[in-house]
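Can you join these two chains into the complex? Each is in its own frame, and there are hints to help.
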Amino acid sequence: DAEITQSPRHKITETGRQVTLACHQTWNHNNMFWYRQDLGHGLRLIHYSYGVQDTNKGEVSDGYSVSRSNTEDLPLTLESAASSQTSVYFCASSESLAGGKRYFGPGTRLTVT
Amino acid sequence: GNSVTQMEGPVTLSEEAFLTINCTYTATGYPSLFWYVQYPGEGLQLLLKATKADDKGSNKGFEATYRKETTSFHLEKGSVQVSDSAVYFCALSLTGAGSYQLTFGKGTKLSVIP
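Going down the list, the protein sequences come from chains H and E. Residue 1 is where the first sequence starts when you use my numbering, and the numbers rise one by one after that. Residue 1001 is where the second sequence starts when you use my numbering, and the numbers rise one by one after that.
Hints are computed from structural coordinates only; laboratory data are not their basis. Glycine residues also receive a C-beta, built at the ideal position from the N, C-alpha and C atoms. Hints may contain errors.
As the list claims (entries may be wrong) - Chain H is faced by these chain E residues, among others (derived, beta-carbon under 10 Å):
#, residue
1, 1004
2, 1034
3, 1043
4, 1044
5, 1046
6, 1059
7, 1089
8, 1091
9, 1103
What the hints assert, rightly or not - A short, non-exhaustive set of chain E residues, derived as facing chain H with CB atoms under 8 Å:
#, residue
10, 1032
11, 1049
12, 1093
13, 1106
To be verified - Below, in silico cross-link-like pairs of lysine-lysine (PhoX-like), each with a Cα-Cα straight-line distance of 25 Å or less:
#, chain 1, residue 1, chain 2, residue 2
14, E, 1109, E, 1077
15, E, 1060, E, 1077
16, E, 1068, E, 1056
17, H, 101, E, 1106
18, H, 101, E, 1056
19, E, 1077, E, 1106
20, E, 1106, E, 1060
21, E, 1077, E, 1052
22, H, 57, E, 1106
23, E, 1056, E, 1109
24, H, 101, E, 1052
25, E, 1056, E, 1106
26, E, 1056, E, 1077
27, H, 11, H, 57
28, H, 101, E, 1077
29, E, 1106, E, 1052
30, H, 101, E, 1068
31, E, 1077, H, 57
32, E, 1106, E, 1068
33, H, 57, H, 101
34, H, 101, E, 1060
The following block holds chain E by itself, in its conformation from the complex (with noise of 0.2 Å):
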């Protein structure tokens, strides 16, 4: 079956640190992937996504490149802030029969200290 596997949390981080949340992947066929964020008290938000091998999906400072001979979307950002703290999911998804079906990690808290 398709799993996502995140790296276990929490991570602490200073300000300006250099973050780096690994996720791996296994799917029959060829998946879309995504970095959800949930902030504190909210619901998940896209952060950014890439569809096919060798994308880089990039939004707010953050990246992900989706590695296929890996399976790999890990999330990098350059020099994280505070307001950044918050509960990051990788997750997956397939085309056809399967769409309807968005597989999550378990998700890994960030926390950013001043």
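With the rest of the complex left out, here is chain H (with noise of 0.2 Å):
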């Protein structure tokens, strides 16, 4: 069956480190998303790409950054992180961006300390 994967599950890092977190997608759709949940805002967009080389900022993409070099990932990096980047990390894919059905991977918790 096709599937969304995200890794690693959970990361603790600290303050300036750089991170990235993967994003795999097996549905073999051109649209995918980064998204960040925190308390009290709902989901947010970071990034997304509507295909291979093609990569746009969402509402909240200061301090983050992705690239799209095949079809299947969309990785997402945090070039020095902050303690404000402390949240839940989603990745989404869809097939068409009319409709607006996104299937969402488990989610990355991620804790800068």
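Right under this line is the structure:
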């Protein structure tokens, strides 16, 4: 069965370190997304990609970067981790933008100390 | 801008009780509306959707009707089960140039007790 996976599921890092969160999907979807989930804010879009070599900033992109070298993967990098980036991160993919159906991964809980 | 407002939680109900979770929206244009559900320790899953006014989305005993006149999309279920305990998110999406954006409400946590 097709799926979307994230790794690691839990990560503790120190302020100032570079961290990369992995996202891998086997749906063969062109569209991929990264969200962060914080209490009281719901889900907020960090970056998104419409396909290979395409990346775009979302509403909370500062301090984050992504790259898309193939269809299956969209890694999220925190260039210099800050305590404000402690959150749960969700990757998602979709076949079509119109329609709003996203397939979400299980999430990565990141703690920055 | 676009926004979604959900009722504050948490909501605690006894098994077989009636559930309503209110959702209202503000949008430029004519959005599609969604309810997503997040079970403990998992990612979000699409529960139901409606793409135009007066449409009713339904799934797993849950229903929501797209009410353009009141800009609402309230989630209902006639008889909740313990297995319905989860966080529920209302969301909207626009067509056209803004369609990459899925705007979520803050979520409503539902706990169902036996």
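Hints, one by one, checked against the model:
Evaluation of the residue 1004 (chain E) hint against chain H yields a held restraint, the C-beta minimum of about 8 Å falling below 10 Å. The interface hint given for residue 1034 (chain E) is met, as the beta carbon of that residue sits about 5 Å from the closest beta carbon of chain H, less than 10 Å. For the restraint placing residue 1043 (chain E) at the interface with chain H, the shortest Cβ-Cβ distance is roughly 3 Å, inside the 10 Å limit, so the hint holds. Checking residue 1044 (chain E) against chain H: minimum C-beta separation of about 4 Å stays under 10 Å; hint holds.
Using the Cβ-Cβ criterion of 10 Å, the hint placing residue 1046 (chain E) at the interface with chain H is satisfied: the shortest such distance is roughly 5 Å. Because the closest C-beta pair between residue 1059 (chain E) and chain H is about 12 Å apart, greater than 10 Å, the hint is violated. Here the hint on residue 1089 (chain E) is kept, as its CB sits about 6 Å from the closest CB of chain H, short of 10 Å. This hint holds: residue 1091 (chain E) has a C-beta 7 Å from the nearest C-beta of chain H, less than the 10 Å allowed.
Hint status for residue 1103 (chain E) relative to chain H: holds, with the closest Cβ pair at about 9 Å, below 10 Å. Interface restraint check: residue 1032 (chain E) against chain H, minimum CB-CB distance 5 Å, threshold 8 Å, status holds. Using the Cβ-Cβ criterion of 8 Å, the hint placing residue 1049 (chain E) at the interface with chain H is satisfied: the shortest such distance is roughly 7 Å. Proximity of residue 1093 (chain E) to chain H holds as hinted, the smallest CB-CB distance being about 4 Å (cut-off 8 Å).
Nearest Cβ of chain H to the Cβ of residue 1106 (chain E): about 4 Å, under the 8 Å cut. The hint holds. Restraint check: the Cα-Cα separation between residue 1109 (chain E) and residue 1077 (chain E) comes to about 15 Å, which is no more than 25 Å; the hinted pair holds. Between residue 1060 (chain E) and residue 1077 (chain E) the CA atoms are separated by roughly 9 Å; this keeps the pair inside 25 Å, and the hint holds. This hinted pair checks out: residue 1068 (chain E) and residue 1056 (chain E) have alpha carbons roughly 12 Å apart, not beyond 25 Å.
Distance restraint check for residue 101 (chain H) and residue 1106 (chain E): the Cα-Cα separation of roughly 18 Å lies within the 25 Å cut-off, and the hinted pair is therefore satisfied. Our distance criterion of 25 Å between C-alpha atoms is met by residue 101 (chain H) and residue 1056 (chain E), whose separation comes to about 17 Å. In summary, the hint linking residue 1077 (chain E) to residue 1106 (chain E) is supported, as the alpha carbons are separated by about 20 Å, within the 25 Å threshold. About 22 Å separates the Cα atoms of residue 1106 (chain E) and residue 1060 (chain E), which keeps this hinted pair within 25 Å; it holds.
At most 25 Å may separate the alpha-carbon atoms for a hinted pair to count; residue 1077 (chain E) and residue 1052 (chain E) meet this at roughly 21 Å. About 21 Å separates the Cα atoms of residue 57 (chain H) and residue 1106 (chain E), which keeps this hinted pair within 25 Å; it holds. For the suggested pair residue 1056 (chain E) and residue 1109 (chain E), the alpha carbons sit about 23 Å apart, so the restraint of at most 25 Å is met. At roughly 15 Å between alpha-carbon atoms, residue 101 (chain H) and residue 1052 (chain E) fall within 25 Å of each other, so this suggested pair holds.
Restraint check for residue 1056 (chain E) and residue 1106 (chain E): the C-alpha separation of about 22 Å stays at or below 25 Å, so the hint holds. For the hint linking residue 1056 (chain E) to residue 1077 (chain E), the alpha-carbon distance of about 13 Å falls within 25 Å, and the restraint holds. The hinted pair formed by residue 11 (chain H) and residue 57 (chain H) meets the criterion: a straight-line CA distance of about 24 Å does not exceed 25 Å. Proximity of residue 101 (chain H) to residue 1077 (chain E) is assessed by CA-CA distance (about 22 Å); at most 25 Å being required, the pair is judged to hold.
Note on residue 1106 (chain E) and residue 1052 (chain E): the hinted pairing holds, with a Cα-Cα distance of about 23 Å set against a maximum of 25 Å. For the given pair, residue 101 (chain H) sits about 21 Å from residue 1068 (chain E) by alpha-carbon distance, which is consistent with the 25 Å threshold. Proposed proximity of residue 1077 (chain E) and residue 57 (chain H) is contradicted: the alpha carbons are some 37 Å apart, above 25 Å. Taking the CA atoms of residue 1106 (chain E) and residue 1068 (chain E), the gap is about 21 Å. The hint holds against a cut of 25 Å.
This hinted pair checks out: residue 57 (chain H) and residue 101 (chain H) have alpha carbons roughly 20 Å apart, not beyond 25 Å. Between residue 101 (chain H) and residue 1060 (chain E) the CA atoms are separated by roughly 17 Å; this keeps the pair inside 25 Å, and the hint holds.
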